[in-house]
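There are 2 protein chains.
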Amino acid sequence: MQELPLAQAFKLIEPGPVTLVTTAVGRRKNIMTISWTMVMDFTPKLAFVTGPWNHSFHALVETRECVIAIPSVDMSKTVVGIGTCSGADTAKFRKFGLTPTKAKVVKAPLIAECIANIECRVIDHVKRHDLFVLEGVRAWMDPDAGKRRTFHAVGDGTFVADGRRFSHRALMAGKIPPRV
Amino acid sequence: MQELPLAQAFKLIEPGPVTLVTTAVGRRKNIMTISWTMVMDFTPKLAFVTGPWNHSFHALVETRECVIAIPSVDMSKTVVGIGTCSGADTAKFRKFGLTPTKAKVVKAPLIAECIANIECRVIDHVKRHDLFVLEGVRAWMDPDAGKRRTFHAVGDGTFVADGRRFSHRALMAGKIPPRV
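Respectively, the protein sequence lines represent chains A and B. Under this note's numbering, the first residue of the first sequence carries the number 445, and numbering increases by one thereafter. Under this note's numbering, the first residue of the second sequence carries the number 445, and numbering increases by one thereafter.
Fair warning: there could be bad hints in the mix.
Chain copies aren't distinguished; within one or between two, either way the pair holds.
[Stated by the list, open to error] For lysine-lysine, the following PhoX-like pairs were computed, each having C-alpha atoms within a straight-line distance of at most 25 angstroms:
1) Lys-455 x Lys-551
2) Lys-489 x Lys-571
3) Lys-455 x Lys-546
4) Lys-539 x Lys-619
5) Lys-521 x Lys-619
6) Lys-489 x Lys-551
7) Lys-571 x Lys-619
8) Lys-546 x Lys-571
These are calculated hints, taken from the structure and not from any lab test.
Based on the sequences and whatever the hints tell you, model everything.
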């Protein structure tokens, strides 16, 4: 993984891909699948929704840290597998053959096989909405990610892979923040 | 537009497409482009981020209603145009040749040219995060939407159209809510 400038990290979440979120309590690492995510600011400030029904919730509340990892579409079965078992009784990194890599700032691990990883600190927990608000503190990208595609959950068990990319940068010049 | 069961409406937002959000104050209608959106629950409970820097913010605060419309990729230039001018000095429906259609429950209009529309009520405004939390109250879908594709903003002026669709419904059976 190559370091990605923090000013660019919101671009990993804005398109709305399925994500994997890692946590660590002591040596006990876990992963959950989350597609209810959102960008809240370019800084980057990010958010996702989860609650006590997810094993990782307790780790988030206790450690106030996580990593948001962006899987590629060839990992879709793994991502669904991770989302349909619980860290309460499953060592998910081992079960799904994923490689936890040491992050720089947080104790939660990066996922080596993913396209990108964002180390995050929990800066707010809006309990009435099960909302975690996060600040990205470091970001990492597979330097060969150019060929890899993310994918999006529809919510009914179907998914959509990224298709054609196109640019309207010229039309949007005044709206694009610096260093993006 | 054909009515879509509310239990299905979250599926329009979960994949993370670029959206258009309409508001109406009296006869004054407006549209803004938003890609910082999120599903918060299947009911559907939805969220997006906007603040006083957007003209529509004041309409949202005053009326506590809006429509989230899902544009197709062939509307991408229109969507960027809407996002780069202000309702303060532009009648956007007229300027962009879009057709406002009467909604059933809210005063904000549907956009006839879009793939789908969700009528929403604002149920919370979390001011410290510029977050609007919405309850979808009616949903509408272009009955011929099958061929139309949504698209996703990266945040740097580039976009990604939907590509290949695939299903892992069998793997996820226990996780899919009823009527979805």
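Okay, the hints, checked on the actual structure:
no.: 1; hint: Lys-455 x Lys-551; verdict: within (23 angstroms within a copy, 34 angstroms between copies)
no.: 2; hint: Lys-489 x Lys-571; verdict: both (18 angstroms within a copy, 15 angstroms between copies)
no.: 3; hint: Lys-455 x Lys-546; verdict: within (23 angstroms within a copy, 35 angstroms between copies)
no.: 4; hint: Lys-539 x Lys-619; verdict: between (44 angstroms within a copy, 20 angstroms between copies)
no.: 5; hint: Lys-521 x Lys-619; verdict: between (37 angstroms within a copy, 14 angstroms between copies)
no.: 6; hint: Lys-489 x Lys-551; verdict: within (19 angstroms within a copy, 32 angstroms between copies)
no.: 7; hint: Lys-571 x Lys-619; verdict: between (33 angstroms within a copy, 23 angstroms between copies)
no.: 8; hint: Lys-546 x Lys-571; verdict: neither (30 angstroms within a copy, 36 angstroms between copies)
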